[in-house]
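These are the residues of each chain, in order.
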Amino acid sequence: MAVSTHCTRRVSRRLRGMAVSTRCANPELMDIYSFLIQLLNGVQYGLLLFLVASGLTLIFGIMGIINLAHGSFYMVGAYMAFTLSSLTGNLFVAIVVGVVLSVLLGIVLEWALISHLYKRDHLEQVLLTYGLILVFEELRSLIVGNDVHGVAVPAILDGSIPLTATLSYPVYRLFMSAVCLALAGLLYLLIHRTRVGMMIRAGASNREMVSALGLNITLVYRLVFALGVALAAFAGMIAAPVSSVYPEWARRC
Amino acid sequence: MEFQPLLTEIASLKPDVVYAFFAGGGAVKFVKDYAAAGLNKTIPLVGPGFLTDGTLEAQGDAAQGLLTTMHYGDGVNNPKNNAFRAAYLKAFKTEPDVYAVQGYDAAQLLIAGANAVKGDMSKRAEIVKAMETAKIDSPRGPFALNKAPQPDPRHLPAQGRGQGEQGRRRRGQEPLRSAARLQALIPRSALPDRAIDRATRFTIGRAIPAIPRCPPYPSRTSGYGRNRARPEVARSVLVGWQR
Chain A
1 MAVSTHCTRR VSRRLRGMAV STRCANPELM DIYSFLIQLL NGVQYGLLLF LVASGLTLIF
61 GIMGIINLAH GSFYMVGAYM AFTLSSLTGN LFVAIVVGVV LSVLLGIVLE WALISHLYKR
121 DHLEQVLLTY GLILVFEELR SLIVGNDVHG VAVPAILDGS IPLTATLSYP VYRLFMSAVC
181 LALAGLLYLL IHRTRVGMMI RAGASNREMV SALGLNITLV YRLVFALGVA LAAFAGMIAA
241 PVSSVYPEWA RRC
Chain B
1001 MEFQPLLTEI ASLKPDVVYA FFAGGGAVKF VKDYAAAGLN KTIPLVGPGF LTDGTLEAQG
1061 DAAQGLLTTM HYGDGVNNPK NNAFRAAYLK AFKTEPDVYA VQGYDAAQLL IAGANAVKGD
1121 MSKRAEIVKA METAKIDSPR GPFALNKAPQ PDPRHLPAQG RGQGEQGRRR RGQEPLRSAA
1181 RLQALIPRSA LPDRAIDRAT RFTIGRAIPA IPRCPPYPSR TSGYGRNRAR PEVARSVLVG
1241 WQR
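Protein sequence lines correspond, in order, to chains A and B. For the first sequence, the working numbering assigns the number 1 to the initial residue and increments by one for each residue that follows. For the second sequence, the working numbering assigns the number 1001 to the initial residue and increments by one for each residue that follows.
Please keep in mind that the hints were generated in silico from the structure rather than gathered at the bench. Just so you know, even glycine gets a beta-carbon here, dropped at the ideal spot from N, CA and C.
Derived EDC-like pairs (lysine to aspartate or glutamate); straight-line CA-CA distance at most 16 Å:
1. B:Lys1093 - A:Asp147
2. B:Lys1041 - B:Asp1061
3. B:Lys1014 - A:Asp31
4. B:Lys1041 - B:Asp1016
5. B:Lys1135 - B:Asp1105
6. B:Lys1080 - B:Asp1137
Going by beta-carbon spacing under 10 Å, a handful of chain B positions derived as facing chain A:
7. Glu1002
8. Gly1024
9. Ala1036
10. Leu1039
11. Gln1059
12. Gly1060
For reference, chain A alone in the conformation it holds in the complex (with noise of 0.2 Å):
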């Protein structure tokens, strides 16, 4: 391949003592095959990452609220995944049941907490959210403790794709993007589509319309915070085969 004989060239002139650049990976030596395998891994990587900001812009969107918290969310579906998947054997039921926990985790957070926050400023949200970051990381380490935990992929999905000699492409990875892509697609249908969508399109522009309308805002609010939680832990749930479920997983997000 162009990298490796190009690489053993600048070696072997290393070798020789001759005073050459240390920078090898030379971006116009890829050729086009390695280019559509790094083109897939960033698709897949960006719609991970789509994932895990859908909730989070679904909150601040729609709500208002700046919520620095959402990566600990993410963090808690990781952990529910690995725990729920050691108690069940099965993560596609873990992922079922960590999405019903994450909903009414988020239910709570906005009745007791959120709620509030409405009517204040953003500096004070940021507060509350940050605070809450600090609230999860010491639960996680009181109830699952500080070990680096690994989450097996479902056997359905363990096999890989074989895209050169040595390269091959985990099916696991191409089944996460096609439920980011689907739940984008759900997504859009939800708030485009449907009543309660466009009651939450409403609530986003004018609170107080809606609720002199007679529908009932609180209740449509806590439903986007407790959606918007369960897409954080939904994504931390569908990431945690391929990472690793370690302490301060919140704060690398």
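Start from chain A and add chain B according to the hints.
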């Protein structure tokens, strides 16, 4: 932290071996991704023991066939280590790692010193002398301090002793070559179970001074974080691969 682009580069460079230094979460992810990308079938992954220290369980089958080196490994199979691990797990509800073993060894050394003076810690010279002559029964194998004074595994199991080139020549035996030599030099008990199967397939090649390193990516990338360890791909290394 996303390794896919690096793994793609590794695959296109086709190095003899990949040496990667990761610990904790990064180690788990890299080892799993490396195996998921199928690279472990053609390019052996080696690294310091931190790659597997405390992370083996999380890595699962992806760690199969890894070759790592350190002064302790989870899977050291001797009665002392098995007892130590069981007792540690019972006392602390967590698996011991290399630091736990280091602490345990250091404490044993201190106890040897303190016992020699019956707890009178003012007798400094005697304590030091007792520690220098103490034989420590460590989970990683018995050792005593040498003149340096550094831990010296001079009480290695018999299979590891006198199997070097000098020893065998002295006895008029042909020096062991390659895989057989590595097997003889490293007591099996010192290797984690998972490493053994594949370790025997390694062979010691010719050492090349100052391994030239060829970064497979621009040296100033920002996407992975400045302080994040990245896999270094050596093109010529000490170990070769024998099928």
